[in-house]
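Chemist: Sequence:
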Amino acid sequence: MTASHHSPSHSAADCPVLCVTLNPALDLSIGLDSLTLGTVNRARSHHLEAAGKGINVARVLATLGHPVTLSGFLGADNQADFTVAFADRGLVDAFERVAGATRINVKLGEASGRVTDVNGTGMRVDEDALARLEARIDDWIDRQQAEGNLPRCAVVIAGSLPPGISHAQLAALVSRVRERHVACWLDTSGAALEAGLAVPPTAVKPNEQELALWAGEPLDSDAARERALRRLIDHGIEQALISAGPEGVLWASPGAAMLRARPPRMQVVSTVCAGDTLLAAMLHGVLCQPDASPEDRKRILRHATALSAEAVTHPGPGNPLATTLKTLQQHTSIETLASADVETAGEPRQ
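Using the numbering used here, you'd call the opening residue of the sequence shown number 1 and step up by one each time.
FYI, nobody ran anything at the bench for these hints, they're computed from the structure.
For glycine and all other residues, C-beta sits at the position ideal for the given N, C-alpha and C.
Do not take every clue at face value.
[Claimed, not checked] Have a look at the derived ranges for each label pair, beta carbon to beta carbon:
1) His-10 - Ser-45: 36 to 42 Å
2) Glu-147 - Asp-222: 54 to 60 Å
3) Gly-148 - Leu-35: 23 to 29 Å
4) Thr-324 - Ala-43: 39 to 45 Å
[Said to hold, decoys possible] Derived pair list, reagent style EDC-like, types lysine to aspartate or glutamate, alpha-carbon separation capped at 16 Å:
5) Lys-107 - Glu-179
6) Lys-107 - Glu-49
7) Lys-298 - Glu-335
8) Lys-107 - Asp-117
Start from the sequences and build out the full structure, keeping to the hints where you can.
Modeler: Written out as structure tokens, the structure reads:
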């Protein structure tokens with residue numbers, strides 16, 4: 001499907017993004033035939049990589065052509081793997097260094113596709129370090145304002161919270177960005193998600209399990225997921241997404257028809273970065289086409305869903321340059337759902 005020319009678009013190079021990862025990790029991925037508890041297991045493969053949700057999002061955005069700055073908290077004791085990875089991918093390093101070592105997350109992947117995660121807790125972050133991070137975020141926004149980028153830039157806050165950072169402090173970070181009239185995309189879970197939603201952020205992308213607590217019901221059907229999305233929009237969210245694995249992705253925005261994308265069935269190697277890839281590709285589409293027509297919206301969602309499907313075929317985030325992406329987009333179905341705020345059938349309010 002070719003891009004519509006109904007609405008103005010921006011180049012990714014003109015749309016800078018700041019990706020904040022409060023609790024990054026070194027991901028140690030171990031491949032096994034099968035995991036047997038209580039015995040010695042022999043690995044078929046292992047791979048150590050600088051990771052964390054915001055870093056995964058940043059990698060995809062950088063490949064799509066965005067100028068990306070990274071921030072959050074990094075342990076001073078084991079930063080080398082991170083700094084090398086950032087330099088290799090052209091990511092600007094604005095991480096705040098704190099005492100200690102960044103956590104290691106172990107991901108045990110079996111031939112069946114089952115993945116067992118053992119996640120570290122992260123370094124304790126004190127008030128002084130948080131104040132320095134807030135100053136870094138302010139500086140980045142000041143620079144975007146000075147360069148005339150404010151309508152075309154965004155801040156992503158993604159992942160879990162390290163010890164020492166409260167849910168209220170996360171919500172305050174979201175408020176800090178929103179008060180400067182900068183889009184804030186939030187991707188976290190549990191009580192942190194609930195606290196952030198109260199602000200609210202510009203956009204959220206929970207999966208159905210992560211949003212169920214806030215929604216007050218299991219989101220195990222299309223109808224329940226649609227109800228939750230409408231509540232998010234009523235709550236002031238501008239871009240509301242729910243990812244439900246093989247069941248696909250639902251996307252809602254004020255004044256536009258709700259869309260559902262269903263990806264092709266994939267041979268799953270790892271689902272670890274699929275959600276981060278989806279968020280990155282959706283943010284890319286929304287930043288580059290802020291006044292998207294209904295056809296543009298379908299194209300944005302198709303591209304993001306297909307790229308997220310590509311991500312499950314290998315460890316790490318999706319590759320926007322993958323040769324399989326065009327075929328995956330062709331096999332990703334997009335459906336327009338009836339929406340409470342659509343004034344006339346099939347025509348979203350503009």
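Chemist: Would you mind marking each hint as holding or not holding in the structure?
Modeler: Do the hints match the structure? See the list:
no., hint, verdict
1, His-10 - Ser-45: 36 to 42 Å, "holds, 40 Å"
2, Glu-147 - Asp-222: 54 to 60 Å, "violated, 43 Å"
3, Gly-148 - Leu-35: 23 to 29 Å, "violated, 53 Å"
4, Thr-324 - Ala-43: 39 to 45 Å, "violated, 27 Å"
5, Lys-107 - Glu-179, "violated, 38 Å"
6, Lys-107 - Glu-49, "holds, 11 Å"
7, Lys-298 - Glu-335, "holds, 9 Å"
8, Lys-107 - Asp-117, "holds, 5 Å"
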